[in-house]
Amino acid sequence: GENVEQHPSTLSVQEGDSAVIKCTYSDSASNYFPWYKQELGKRPQLIIDIRSNVGEKKDQRIAVTLNKTAKHFSLHITETQPEDSAVYFCAAVPGGKLIFGQGTELSVKP
Amino acid sequence: ETGVTQSPTHLIKTRGQQVTLRCSSQSGHNTVSWYQQALGQGPQFIFQYYREEENGRGNFPPRFSGLQFPNYSSELNVNALELDDSALYLCASSLGAPPNSPLHFGNGTRLTVT
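As you go down the protein sequences, you meet chains L and V in turn. Taken in order, the first sequence gives residues 64 to 173; the numbers are from the numbering used here. Taken in order, the second sequence gives residues 411 to 524; the numbers are from the numbering used here.
Simulated from the structure, these hints should not be mistaken for laboratory data. Note that this is a predicted model, so its numbers are computed, not measured. A hint or two may mislead.
[What the hints assert, rightly or not] Listed below are several chain V residues computed to face chain L (Cβ distance under 7 Å; list not exhaustive):
hint, residue
1, Pro418
2, Ala448
3, Gly452
4, Ser483
5, Ala507
6, Pro509
Note that beta-carbon positions come from the ideal geometry of N, C-alpha and C, so glycine has one too.
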């Protein structure tokens, strides 16, 4: 069945450094790849998404890349700040439903 | 613009009981999806409703059922509760199914089964 693998499960960086989170998916029918940020006790919030006809998308300090041939996509956060600390989830969308990865707990140390 | 609202925020039930969780979709959204998020895990798709009809279902048993009403609000019902049903239940609304429209999540209902 559909599966999304996400790595690493935890990531600790110094403020100002970059952070990269990687995901792979199994269903080649997936055509939409959103990323969500979830702070402790709060709802997942969409931070960026990319469609299968695009290889890269950037929004200020956040960028996402997609390699459909290899079935993997990545989230890049530059110039990290303490408020970036949260759990980040990738997802792939085959057939209208989101299949989430297991999450990455990002900790940005001041 | 009103966001997705869920009620109740917390709930404690006993094994074997039944529970109903409620969700009001964001204004203008006609599609509601329900997800189960166990502690430390990513959300798992339960089912999706579009125009009052179930429009996709994940790998959950029939004791998980749902409804969508004409105003696009929705209910999730779980019968014969088991301890493993303890989780955060998230509702998300959208205008049509993804990728046509991104999902917007509510704050969730934290269900504890003892």
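Structure-based check of all given hints:
1. Pro418: At 15 Å from the nearest chain L Cβ, proline 418(V) fails the 7 Å test, so the hint is violated.
2. Ala448: Because about 11 Å separates alanine 448(V) from the closest Cβ in chain L, which is outside the 7 Å limit, the hint is violated.
3. Gly452: 3 Å, holds
4. Ser483: Not OK, violated: serine 483(V) not within 7 Å of chain L, min 17 Å.
5. Ala507: Since the shortest Cβ distance to chain L is 3 Å, the answer is holds.
6. Pro509: With Cβ-Cβ at 3 Å, under 7 Å, it holds.
In terms of the numbered hints stated before, the structure departs from hints 1, 2, 4, listed from lowest to highest.
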